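Participant: So the chains spell out like this:
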Amino acid sequence: MTADPILQVTGLTKHFGAVRAADDLTFSVKRGEIHALIGPNGAGKSTTIGQLSGEIRPDGGRVAFNGRDITRMPTYRRARKGLQRSYQITSLFPEFTAEDNVAMAIQSQQGHSFRFWTRARRDRALRLPAREALRRVGLEDMANLKVTELAHGQQRQLELAMTLATEPSMLLLDEPMAGMGRRETQGMMEILRSLKGDVAILLVEHDMDVVFALADVVSVLVKGSVQMTGTPDEVRDDTEVRRAYLGDG
Amino acid sequence: MPRRKTFVHAIGLLIMLALPLAADAAGEPFLTTVASRVLIYALVAVSLDLILGFGAMVSFGHGAFFGIGAFVVGILTHHSYEATAIAFLPGDWTGTTAALIQWPLAMVIAGLFALVIGAMCLRTSGVYFIMITLAFAQMLYYFMTSLPTYGGQDGLNLWERSTLPLLDMYDDTQFYYVTCALLLAFMALARRIVGSRFGMVLRGCKQNETRMKALGFPVYRYKLAAFVIAGMGAGLAGALAANHTEFVGPGLMHWTRSGEIMVMVILGGMGTIFGPVLGAATLLMMEETLSGFTEHWMVFLGPFLVFVVLFARKGLYGWLVGREADDDG
Amino acid sequence: MTLVLFLEQTLNGLQQGVMLFLMAAGLTLVFGIMHMINLAHGSLYMVGAYVAATVTMASGSFALGVAAAMVAAGITGMVIELIAFRRLYDRDHLDQVLATFGIILTFNELTKIIWGAQALFLSTPKVLSGTLEFIPGAPYPAYRLFIILIGLVVGLGLRHLILNTRLGMLIRAGATHREMVGAMGVNIDRLFTIVFGIGAMLAGLAGAMAGPMLAIEVGMGEKILILTFVVIIIGGIGSVRGALVGALLVGLVDTYGRAFLPFILRSMMEPSAADSIGAAVSSVAIYVLMAMVLMWRPRGLFQAYGDS
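Chains as they are written, first to last, in the numbering used here: chain A, 1 to 249; chain B, 250 to 578; chain C, 579 to 886.
Hints should not be assumed to be uniformly reliable.
[As the list claims (entries may be wrong)] Computed cross-link-like contacts, DSS-like style, restricted to lysine-lysine with a CA-CA straight-line distance of at most 30 angstroms:
no. : chain 1 : residue 1 : chain 2 : residue 2
1   : C       : K704      : C       : K690
2   : B       : K462      : B       : K563
3   : B       : K462      : A       : K146
4   : B       : K455      : A       : K146
5   : B       : K254      : A       : K146
6   : B       : K455      : B       : K254
7   : B       : K462      : A       : K30
8   : A       : K146      : A       : K223
9   : B       : K455      : A       : K81
10  : A       : K196      : B       : K462
11  : C       : K690      : C       : K801
12  : B       : K563      : B       : K254
13  : A       : K196      : A       : K30
14  : C       : K801      : C       : K704
15  : B       : K563      : B       : K455
16  : B       : K563      : A       : K146
17  : A       : K81       : A       : K196
18  : A       : K81       : B       : K462
19  : A       : K223      : A       : K30
[To be verified] Beyond 10 angstroms from chain C on every Cβ pair, some chain B residues (computed):
no. : residue
20  : A259
21  : L262
22  : A334
23  : R372
24  : A384
25  : R410
26  : L413
27  : Q423
28  : E458
29  : Y469
30  : R470
31  : E537
32  : K563
33  : G567
The set of hints was computed from the structure by calculation and includes no laboratory data. In this text, all values refer to a predicted model and were calculated from it rather than measured experimentally. Using N, Cα and C, we set each Cβ at its ideal position, and we do this for glycine too.
Generate coordinates for the entire structure from the input sequences, incorporating the hints supplied.
Facilitator: See the structure below:
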C-alpha cells in the first residue's frame with residue numbers, strides 16, 4: 001500500500017456571489033482512512049463535498065483522485081473511477097425493492113446495460129452480490145420490500161448498501177446519520193467502522209461523538225479553508241478551533 | 250389459485266384470437282375491420298408506453314413516427330402502382346408492394362427519424378422535452394402538407410395493399426390475424442425488454458434520473474435507444490394503418506393524433522404493456538358507439554379525459570388487476 | 579427584391595410577432611408562476627375570435643366586439659382555472675398536458691355545437707380598412723399597423739404592471755418563491771386566478787384581433803398554440819421579456835422565410851419545384867430556429883426560473 005493520498009485537493013475555490021464557499025482549500029485523504037470534515041455552519045462543508053463529487057464546478061484549484069486530475073470530470077465518471085457520494089437526502093428508486101436498488105448499483109459496474117433479453121431480476125450476477133451487500137448492512141430480511149415500505153433509517157442503510165455494492169475506493173458522506181435515532185446511528189457507525197482500511201471516507205459530521213469514535217483524521221473547515229488538520233484529540237485540544245467553533249474556549 | 254393478472258391476460262388473449270370467428274358467427278364481419286383498427290392503434294399505444302410509461306418520456310411527437318411508417322408504405326405503393334421512379338433516391342427504383350420489404354423499411358425509416366429527432370429532443374428535459382417533441386412532429390406535419398408530390402394536405406390514396414406471400418391482405422380476417430400476430434409479438438418483445446437490464450435502466454430513469462446518473466449510467470444513450478425502439482414500433486403500426494384505410498394523410502402526424510395515442514396509454518394504464526391495448530380498445534369503441542348517438546360525442550370525451558387524469562390515474566388495467574398492476578417481473 | 583418589399587415583409591413579421599406575443603405573454607406567466615402547462619390557451623384565443631365576430635356582427639361595433647372578446651376569454655379562463663386547474667398545479671406535467679388536452683377537445687366540440695362547423699368571417703372595421711403610405715410607394719394595411727400599435731401598448735402595459743405595481747412584484751416573487759409569497763399572507767389562490775385571467779384576456783384579445791385576418795374556425799387555437807410554445811421555448815419559459823423577443827424573432831423568421839425562400843430557390847431550380855420546396859422548407863424554418871436556440875441555450879434565451 002502506497003503512502004500517496006487517494007484524494008488530493010489543492011487550492012480549491014468557489015464563490016457564490018460575495019460568499020466564499022471555498023477559499024484556497026487544500027487537504028488530502030489517505031487510502032482506507034476515515035477523514036472527518038468539521039466546521040461551523042456556513043463553513044463550506046457541503047460545497048466541498050459537491051465539488052468533490054462533481055456536482056458543483058470549482059472556480060479554481062485542483063482535485064486529484066488516485067493521481068488523476070478529476071477537477072472537471074462529470075459525476076458519473078468519477079463514480080466509475082471509484083469515488084462515490086452518498087446523499088443526505090435519500091435518493092433511491094422508490095418503486096423498486098431494496099434488492100432491485102442494490103442490483104441497479106451493481107449493474108452500473110458491470111459494463112454496459114444494452115442487454116435486452118435476460119430478465120434482470122433472475123440474473124445471478126446481479127442478485128447474489130446484491131444480497132451480500134444487503135447482508136453487510138443488515139437489511140437481508142428486507143430484500144423484497146419496496147423502498148416505500150422501509151423506515152427512514154433502513155432507507156439510509158440501503159443507500160449505504162448501494163454505495164458499497166459498487167466497491168468504491170473512496171466515499172463522500174455528507175452527514176450520513178442525519179435524522180437517525182440512537183440505535184440506527186450505532187448501526188451505521190458499525191458499518192462505517194467495518195470499512196476502515198478498505199474504503200477511504202471523507203465524512204462531514206456535526207455530531208462530535210461520532211467524529212471522535214470513527215475518525216482517524218479531522219480537518220476543521222472555517223470560511224472555506226482548512227484551519228487545521230490533526231487527530232481527533234489534537235483538534236479537540238486546539239484553542240483556535242475552540243474559538244472558531246464555540247466562541248471563546 | 251391463479252392471479253388476477255393472469256386471468257385478465259388470458260381473457261384478453263382469448264378475445265383477441267377469437268374475435269373474427271365470433272364476428273362471423275354473429276353475422277357482423279364488419280366488426281373484424283373495426284377490431285383491426287383497434288389492434289393497430291394498440292400497437293402504436295404499446296410502443297408509446299415503452300417510453301412514456303416505463304421511461305417517463307412524455308413524447309408528444311409519437312404520431313410523427315406512426316405517420317412516417319404509413320408514408321413509407323404509401324410512397325412505395327404509389328410509385329409501384331404508377332411505375333415511376335422515386336425521385337429522391339439514387340437509381341430507378343419504382344417502389345414495391347411487397348410487405349416483406351415495405352414493412353421492415355417502414356420500421357427502419359421511422360427508427361432513423363426517431364434517432365435524429367430523439368438525439369436532439371433528449372438533450373432537453375421536462376416541459377421542454379414535451380414541447381420540442383411536439384414541435385418536431387408539427388414540423389414533419391407541415392412539411393408533408395406543403396409537399397404536393399405525395400398528396401400535400403389531401404393525402405395519398407393507396408390503390409393496392411401490401412402483399413404477403415401465401416396470404417391475401419384484402420381478406421379482412423387474414424389481415425386481422427396478421428395484425429394480431431404482430432401486436433402480440435411486439436408486446437412480448439416489450440415485456441422482455443422491460444424486464445431486462447436495459448429495461449431496468451429505463452425504469453430507474455423514470456423513478457430517479459439523478460441517481461442513475463450518479464451511479465454512472467450515461468442515461469442519454471439508453472433513453473435514445475428506447476426512443477428509437479418505440480419509434481420503430483410506431484412505424485410498423487403506421488405501415489399497417491396505411492393498408493387498413495388504403496389512405497395516407499399528414500393528419501396521422503398531427504400533434505392531436507399523438508395526444509390521442511397518449512390518451513389511450515393513460516386511459517388503459519401506463520407502464521403496463523397490456524394497459525394501452527385496453528386503452529386503445531376503449532377509446533375507439535367509445536368513438537364508434539358514441540358517434541352513433543351524436544356527432545358531437547367529443548364533448549363527452551373531453552371531460553371524461555379530465556376525469557380520468559384527475560381521479561383514475563392507474564387506468565383501466567389498474568382497475569381490473571388491482572394491486573398486481575405494479576408487478577411486472 | 580427591393581428594399582420596399584423587405585420593409586413590407588418586416589412589418590408583416592412584426593405584426594405576426596405581436597400576435598404571438600399576446601399569446602405568449604399569458605402562457606409564459608402561467609407556466610413561470612404556476613409551473614403549469616396549459617394546452618387550452620389556444621382555446622381561449624378561439625373563444626376570443628368567435629365572440630368578437632358574433633358581437634361585432636350583432637352590434638356593428640368592432641371595439642365592442644374586442645372588449646366582449648377579452649371579457650369572455652377572461653371569464654372563461656377564470657372558470658376553467660377554478661374548476662380544473664386548481665387541482666392540477668401540484669400534478670406532474672403529464673397530467674397537466676392530458677387534462678388540458680381534454681379541455682381543448684371539449685371546447686372545440688362545444689364551439690361546433692354553438693356556432694356550427696362552418697367558418698366565420700369577420701371583416702376589417704371600416705375605420706381601419708384603409709392603407710397608410712408611410713413607406714413611399716408601398717401602401718401598408720392600416721389594420722396591421724394597428725395591431726403593431728396594440729402590441730406596443732400591451733407590452734408597455736405589462737412592463738409597467740410587472741415592474742411598478744404590487745401585483746407585478748407578487749408575480750415576480752411568485753415565479754421563484756411560491757411558498758414565501760404564500761407565507762407573506764398573500765392569497766396565492768387569488769393571485770393565480772388573477773394571473774390566469776390576465777393571460778386569458780390577452781389570448782382573447784389576440785383572437786379578436788386575428789378575426790379580420792383569418793377564417794374563424796375550430797382548430798385555429800391549436801395552430802397558434804404550437805407557434806406560441808415555440809416562442810416561449812425560444813424566449814425562455816417564465817420570462818415576459820423572452821416572450822417578446824421570441825415572438826418577434828419567430829414572427830420575422832417565419833415571415834421572411836415564407837416570403838423570400840421560394841424566391842431564393844427560384845434562382846437555383848425551376849419555379850414550380852422552387853415554390854413547392856420553398857413552401858415546405860419555410861414552414862419548418864421556425865422549428866429549425868427553435869432547435870438551434872435549444873442547442874445553444876437549452877433553457878431558452880432568457881431564463882426566468884430554474885427547472886421545477
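Participant: Hint by hint, say whether it matches the structure.
Facilitator: Against the structure, the hints come out as follows:
no. : hint               : result
1   : C:K704 with C:K690 : 29 angstroms, holds
2   : B:K462 with B:K563 : 28 angstroms, holds
3   : B:K462 with A:K146 : 21 angstroms, holds
4   : B:K455 with A:K146 : 16 angstroms, holds
5   : B:K254 with A:K146 : 20 angstroms, holds
6   : B:K455 with B:K254 : 23 angstroms, holds
7   : B:K462 with A:K30  : 27 angstroms, holds
8   : A:K146 with A:K223 : 42 angstroms, violated
9   : B:K455 with A:K81  : 25 angstroms, holds
10  : A:K196 with B:K462 : 27 angstroms, holds
11  : C:K690 with C:K801 : 17 angstroms, holds
12  : B:K563 with B:K254 : 15 angstroms, holds
13  : A:K196 with A:K30  : 11 angstroms, holds
14  : C:K801 with C:K704 : 28 angstroms, holds
15  : B:K563 with B:K455 : 16 angstroms, holds
16  : B:K563 with A:K146 : 18 angstroms, holds
17  : A:K81 with A:K196  : 19 angstroms, holds
18  : A:K81 with B:K462  : 14 angstroms, holds
19  : A:K223 with A:K30  : 24 angstroms, holds
20  : A259               : 30 angstroms, holds
21  : L262               : 29 angstroms, holds
22  : A334               : 16 angstroms, holds
23  : R372               : 6 angstroms, violated
24  : A384               : 5 angstroms, violated
25  : R410               : 28 angstroms, holds
26  : L413               : 34 angstroms, holds
27  : Q423               : 35 angstroms, holds
28  : E458               : 12 angstroms, holds
29  : Y469               : 13 angstroms, holds
30  : R470               : 18 angstroms, holds
31  : E537               : 17 angstroms, holds
32  : K563               : 13 angstroms, holds
33  : G567               : 15 angstroms, holds
Going down the numbered hints, you'll see the structure goes against 8, 23 and 24, while the others check out.
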